[in-house]
Amino acid sequence: MSIWEYANPKKFMETSAMALPWAAGLSAALLGAGLFWGYFLTPDAAKFGSTVKIIYLHVPSAMMAISAWMMMLVASLIWLIRRHHVSALAAKAAAPIGLTFTLIGLVTGAIWGQPMWGTWWAWDPRLTSFLILTLFYFGYIALWQAIEDPDTAADLTAVLCIVGSVFAFLSRYAVLFWNQGLHQGASLSLDKQENVSDVYWFPLLVCIAGFVLLFVTLVLLRTRTEIRARRMAALLSRERLA
Amino acid sequence: MRALLLRDLRLAFRAGGGFGLSLAFFLMVAVIVPLGVGPAPATLALIAAGVLWVGALLAALLSLDRIFALDYEDGSLDLLATSPLPLGGVVAMKALAHWLTTGLPLVAASPILAVLLNLPREGYVWLLVSLAIGTPALSIIGAFGASLTVGLKRGGLLLGLLVLPLYIPTLIFGAEVVKAGAAGAAIGTPLAALAAITAGAWAGLPLAAAMAIRANLR
Amino acid sequence: MLTAQNVAVARAGVMVLAGVSFSLNAGRALILRGPNGAGKTTLLRAVAGLQPISGGILTAVEDDIAYGAHSDGVKPTLTVAENLNFWAQIYGSDLAADAMTAMQLDPLATRRAGQLSAGQKRRLGLARILATGRKIWVLDEPTVSLDTASVALFGAAVQAHLNAGGAALIATHIDLGFAADVLDITPFRAGADTPVLSGQFDEAFL
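Protein chains in written order, with the numbering used here: chain A, 255 to 496; chain B, 274 to 491; chain C, 12 to 217.
FYI, nobody ran anything at the bench for these hints, they're computed from the structure.
Every residue, glycine too, gets a C-beta built ideally from N, C-alpha and C.
DEER-style ranges, computed between Cβ atoms:
| id | chain 1 | residue 1 | chain 2 | residue 2 | range |
| --- | --- | --- | --- | --- | --- |
| 1 | A | 491 | B | 401 | 51 to 59 Å |
| 2 | A | 402 | C | 75 | 30 to 38 Å |
| 3 | C | 112 | A | 258 | 51 to 59 Å |
| 4 | A | 392 | B | 405 | 29 to 37 Å |
| 5 | B | 385 | C | 48 | 51 to 59 Å |
| 6 | C | 48 | B | 346 | 21 to 29 Å |
| 7 | C | 63 | A | 274 | 28 to 36 Å |
Listed next, the stretches of chain C that the computed footprint assigns to chain B, with coverage defined by at least 3 CB atoms under 8 Å from CB atoms of chain B:
| id | segment |
| --- | --- |
| 8 | 60-66 |
| 9 | 84-93 |
| 10 | 97-103 |
Whole structure, please, built from the sequences with the hints as guidance.
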């Protein structure tokens, strides 16, 4: 059996119905555990005080903001190449979720930045890149909403997603060139663990896993809704023909 | 191909005004901004490069929806799509016509507006160079945006929402060339990046736009 | 020159026609008939290559087809001659002058197309088809807003095209005054019992 079988709406509905409770439950458990661990069971940092604990929201949502766009890019490519409707609908479903993660990342960043840098906002490259990512999400979602025919909308948004990815990537480097910023370097990477000590790192990993599963849960949920909506439209148009 | 370019140029000139409009808008930006920020020459010199580039962006944006909308409404786009011309070539020619009628006059007029904004003298050459290299990218990126919204009744606002984020790298590198040039600093990197964006956009976007138009005509 | 076997077409995710078969040979014309909304335009657009077919096989050399839509693609600010020459150049043909004469547009050559009457504009649109020099004409309601004399003019042009070995697929309601096969597409309208085409259209969601 091939992986493309899941691209059949019916098969997808069956499988996702089984996977959904697990993803949701596991996500809730991980997030509950990770956030509790992070917020209540870790010491205040010497340099940052208790403000550092916002990383348990800030870092995972920022990571998921980018991952969601990547997922949309992959789904768009699958739609353009193989024309599986579920793929297009999954990309559509992921966009508002990705936008929400981006906004959470920006807002928590501002809340953290105020005590740390003494300002809510600075045109730091990373902040700017996220703001630009927000704009790309807005455009993508607006285009989906503007076009009536679902297949045309899927085609156009997929093309926009691919072209947008290239330009978002370019913007990232343009912004880096434009302003070398004050953001601390990568707070999480495997060879740079010394940036964040283990005490903070493990609960952060749990939170990230929780956020990933939260994203999966929400995308499955919204894709199912989109499939049902398409099914309803198809049934209605069939009724009109009969 | 050449016939299409000539036709579009002829249409732009005959439409009366449509072609001067972007230029007038560009001028408007250069007049409005000093009125907003105050007449201090030092302040204006500081922001001149950015304002001129943002003005170029907005002026290009204004005329984008005309690239395909008129041809879509009167059915020419259907006929062009079924003609022997490759649709990507049609997009490129229309973007070129757009650049010749809006981008090029804007490049030519920019030194005059730079006077209004008190751009340091060393920046003039680089303003011309960066606009000459960068505005073609604005036209082809805009044509891509217009191809996405061509089937929509009120695509104008959406077009801005789609295209402006795509303009960001061009804007950053373009303004950077002028700023660095005016300050007498090295301009090699941003200039190369700007040229690369223009070249890459002209190589790739006509095909993407052709795809979008085909989807829109279906 | 053009054959359709069991072709199905869809519009906005809904099947419009299914099981359409016909073949068009050199020197022949095929008239499509059917009530408004039957799917004539959709079928013609599919033949012209503007939209994909959702089933069956459509065989044609795409470089042989000239498509004439509802709207003529006439630019009001260009003169009649400029409009026509542009399309002739696009198709790489030198037939613009002949086409202009055939549709009796010569007296109007230097007039701006925006000043033409609806019927004159339509004649310019048809002259464009003539000027393409393509073998298969695919025309959608070509006689809208034409007067009787112009219809006869157009009929004669099609006849000449057929005599020269061309072919034409025309959706129209009126008699064009030349011998042609007629295909009524009403029986092919897709209904609720239209077989589901796997995975291609919204039927995948049923």
